[in-house]
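Given these sequences and hints, build the entire structure.
Protein chains in written order, with the working numbering: chain P, 1 to 190; chain L, 1 to 79.
Since no wrong hints were added, every one of them can be taken at face value.
Derived list of chain L stretches under chain P, where covered just means 3 residues or more per stretch with a C-beta under 8 angstroms from a C-beta of chain P:
id, stretch
1, 22-30
2, 34-41
3, 47-57
4, 61-75
Hints listed in this document are in silico derivations from the structure and should not be mistaken for laboratory results.
Quick reminder that beta carbons are idealized off the backbone N, C-alpha and C, glycines included.
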Amino acid sequence: MLHLNTPGERTALIVRKHWFILLSRVLVFVIVFFIPFILYDLFTGRSYFSVILGFPQVENVTFAPEVVTLLTAVWALIIWIKIFGTLTNYYLDVWIITDKRVVAIDQIRFFNRQMAICRLERIQDIIVNVNGFLPTVLNFGDIQIETAGEEEDFIIKGIPRPQHMKDVIMRQHDAVVERENRSIPNTGGI
Amino acid sequence: MPPVYDPASLLGPLLGNWTLFQFLGLAAIAFYCFYSLILLYHWMRYGLNPFTAFFMMVLYFGVSLPLLAIIWSSAHSVI
Chain P
1 MLHLNTPGER
11 TALIVRKHWF
21 ILLSRVLVFV
31 IVFFIPFILY
41 DLFTGRSYFS
51 VILGFPQVEN
61 VTFAPEVVTL
71 LTAVWALIIW
81 IKIFGTLTNY
91 YLDVWIITDK
101 RVVAIDQIRF
111 FNRQMAICRL
121 ERIQDIIVNV
131 NGFLPTVLNF
141 GDIQIETAGE
151 EEDFIIKGIP
161 RPQHMKDVIM
171 RQHDAVVERE
181 NRSIPNTGGI
Chain L
1 MPPVYDPASL
11 LGPLLGNWTL
21 FQFLGLAAIA
31 FYCFYSLILL
41 YHWMRYGLNP
51 FTAFFMMVLY
61 FGVSLPLLAI
71 IWSSAHSVI
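Here it is in structure tokens:
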């Protein structure tokens, strides 16, 4: 569990990347898993596709069943643990919006983790970018938070319901500004 | 006369009668242990919630441990 809040800080929203991002990454591994078998079938000329593509049939290429089992199991194990590496990476990439700040935790790879914090009062503008057919249909996209000063813009990629997230951030931002205005003592003018 | 090693046993002098496939199986298991430790470290260090951690572990070990058993047994049954 994440314990990032300072005393008196309330979490408004915790967001992870859209499930489609995870699915597409896992699908890559699933496709990669089948590539050696497809190549083996193609180059030994025993499959339907190799006949269609005109690959010569090689009679002498045979492996003992134990060898095939061993190599397949090793390959499946490698793919399986890489899928879990991807799942872990996905789960640890997280954005937290509190009533004081936006925290972006980016798990780039194992032992490489970046955390960026943007205080709500520094936010100047928020741009939502939903680009492409699938992002539009599945409702995910990027959010760019422009901040005051010379700091780099805060970019959050691949989040679900970006418009909703923008609304949440803006609501929290407005509340912070209102609190600040109330706390400034009224001098009664010049 | 110099000693003659079985060509299938790359690490013959080091591992005795181990074959290439047994060595491959051992290397796969060692890699698995190393990678699993890294995974578990990240799950514990950065705090998956208990339900997610349990679900991930059951899924992860439920598939990978039988695969390890297959690797180990087939590596030792290759002649």
